[in-house]
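Residue strings, one per chain:
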Amino acid sequence: MENTTKDYSHIKGWGIDADPKNDPTYPMKNRTNGEHLGYSWERPTLQSETVEILHSNERPDVTAVFGTSTPPSGLSGMIRRMAFKKTENDYGHWLPLILADRINVVEGIIEDLRSGHVPNIFAEKGMKAEWKYNRSGLLRQIAVTAIIGYGVVAFYRAKKKRDRGY
Amino acid sequence: MLAMNYRGPLRVRASQKPMPKIEHPQDAIVRVTRSCICGSDLHLYNGAVPDTRVGMTFGHEFTGVVEEVGSEVTKIKVGDHVLVPFNIACGECVFCKQEMYGNCHESNPQATAVGGIFGYSHTAGGYNGGQAEYARVPYANVGPTVIPEGMDPDDAVLLTDVVPTGYQAAEMGGIQKGDTVVVFGAGPIGIMAAKCAWLFGAGRVIIIDQVDYRLEFARNYSQCEAYNFNEIGDPVLFLKKTTDWMGADVCIDAVGAEAAGNAMQTITGRKLLLQAGSATALHWAINSVKKGGIVSIVGVYGPTDNLVPIGNVVNKGITIRANQASVKRLLPRLIEHVQNGVLNPKALITHRIPLEEVSDAYRIFSAKLDNCIKPILISPSAGM
Chain L
1 MENTTKDYSH IKGWGIDADP KNDPTYPMKN RTNGEHLGYS WERPTLQSET VEILHSNERP
61 DVTAVFGTST PPSGLSGMIR RMAFKKTEND YGHWLPLILA DRINVVEGII EDLRSGHVPN
121 IFAEKGMKAE WKYNRSGLLR QIAVTAIIGY GVVAFYRAKK KRDRGY
Chain R
1001 MLAMNYRGPL RVRASQKPMP KIEHPQDAIV RVTRSCICGS DLHLYNGAVP DTRVGMTFGH
1061 EFTGVVEEVG SEVTKIKVGD HVLVPFNIAC GECVFCKQEM YGNCHESNPQ ATAVGGIFGY
1121 SHTAGGYNGG QAEYARVPYA NVGPTVIPEG MDPDDAVLLT DVVPTGYQAA EMGGIQKGDT
1181 VVVFGAGPIG IMAAKCAWLF GAGRVIIIDQ VDYRLEFARN YSQCEAYNFN EIGDPVLFLK
1241 KTTDWMGADV CIDAVGAEAA GNAMQTITGR KLLLQAGSAT ALHWAINSVK KGGIVSIVGV
1301 YGPTDNLVPI GNVVNKGITI RANQASVKRL LPRLIEHVQN GVLNPKALIT HRIPLEEVSD
1361 AYRIFSAKLD NCIKPILISP SAGM
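Each protein sequence line maps, in turn, to chains L and R.
Numbering (the numbering used here) for the first sequence: 1 to 166.
Numbering (the numbering used here) for the second sequence: 1001 to 1384.
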């Protein structure tokens, strides 16, 4: 669709090779070129911000609707707030978010313990299913981990003995 | 209510969470009747998607019965049994108006590169998902679609993502009659993409994976050739040889960030997170397609960067087409295909697991235990 309110007559040949069929977005996009008008649509009713919502600095504001699960909190929340000062184009946005996710895991365990819940990490990892459907693989994995663990301990014990000179 | 609760990489559990409530006049609350675990949930499960917060509920493939609606909801009513597209779309922004419902500009404050998706981290809007007894469904006038009378809910739940994504993967391939189409990945999406390639007139369909039971399933379900990349040597060379040294007309990446098959990609992408997942399938797709061919990407990658042979894209004149599926745009056609028996989505379902056992369900799907293709979770309130 043309959106030619501007006068391009001063540009010799403007548009003479335009081909509407040359559109690799078909049929995924029912092209109207509405974007040429910018942020012009009538926005839906805006959702009330009842929790802290971080938003990309590549947009002017919060979207009309958003999720309210797990608002930022604690140390991970502080890191997330800093991350959102950087653009989506910047590693300074994404890498701190991944760091915050890892810190959030520890915060989750602390939160569990504070509320009197001891997380059953084996159950959360679905070990019951692994035991049921892949018992030999699981046993092999445990054996390999035990051997490596034993090897590491034995190495450090031997090193300690050597360092003490006996 | 009972809901899936993310606790960290490879750790999820079912626990009690507060009931969702109407937070916007266009919201609906649904009682979930079916909910799937998607291959792309595994990116979250593995901790590969930035801003995946502890305590979140995943699940972007679900159906449910409408329990409550906001004051502006007119298209669905209490008691309707609806399928809920994974895209959260306003229907009003310039992108929705052009039927790009996966690219809505009014549903995800946290990122401009993707629209809102249920239960898919704060990078996709921070919404809780449908792996729960109840879920909040925003923009209920746009997304949720009443399940046609007589349609099996198991078929309906796969119309929320698997079928449209597989179909759009083939559609984006621009398949012409007689084309050779190669699909990388024999998960549910890849299997569906291979099946749908025939609907566009493909002359030959090949699927590549390394899991034998899935390849066997694909052979039968998608009626295509299926090869284990561990048994064919370099898959790119194999595909060149089998296409008379030309390369495939269309290659589809239906794997995304969890791809195996290349140690360097696996270590840098999946283990060290130095790139946004392992781009092995995309790498193979670009190198296997013919000059002037088309690569269609529906595999999900993280938001940072990936190592792919972009120089070959330029030198071979490849067209890359990619997007999240626009479920609402495709639904009318796909419902028709299901009702006419052209597509049989529910045949993909291999496991029905109570929501209470969500930890085991993720493990079974993630580790490909018990010949799992597609697990669905049944909540205690499902009622059907």
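Think of the hints as simulated: they come from the structure by calculation, not from any bench.
Note that the structure is predicted; figures quoted are calculated from it, not measured.
Using N, Cα and C, we set each Cβ at its ideal position, and we do this for glycine too.
Hints are supplied without guarantee of correctness; some may be wrong.
In silico contact screen, one side only, chain R against chain L (beta carbon under 8 Å); selected entries [stated by the list, open to error]:
no., residue
1, Lys1097
2, Tyr1127
3, Gly1233
4, Val1236
5, Leu1237
6, Phe1238
7, Lys1240
8, Gly1311
9, Val1314
10, Gly1317
11, Arg1321
12, Asn1323
To see whether the hints hold, each was checked on the structure:
1. Lys1097: holds (6 Å)
2. Tyr1127: This hint holds: Tyr1127/R lies near chain L, its Cβ roughly 3 Å from the closest one there, short of 8 Å.
3. Gly1233: violated (27 Å)
4. Val1236: With a minimum Cβ separation of about 24 Å from chain L (threshold 8 Å), the hint on Val1236/R is violated.
5. Leu1237: Violated - the Cβ of Leu1237/R stays beyond 8 Å from chain L, reaching only about 29 Å at its closest.
6. Phe1238: violated (29 Å)
7. Lys1240: Where the cut-off is 8 Å and the nearest Cβ of chain L is about 25 Å from Lys1240/R, the hint is violated.
8. Gly1311: violated (20 Å)
9. Val1314: Given a least distance of 16 Å, the restraint on Val1314/R is violated.
10. Gly1317: violated (13 Å)
11. Arg1321: holds (7 Å)
12. Asn1323: holds (6 Å)
Going down the numbered hints, you'll see the structure goes against 3, 4, 5, 6, 7, 8, 9 and 10, while the others check out.
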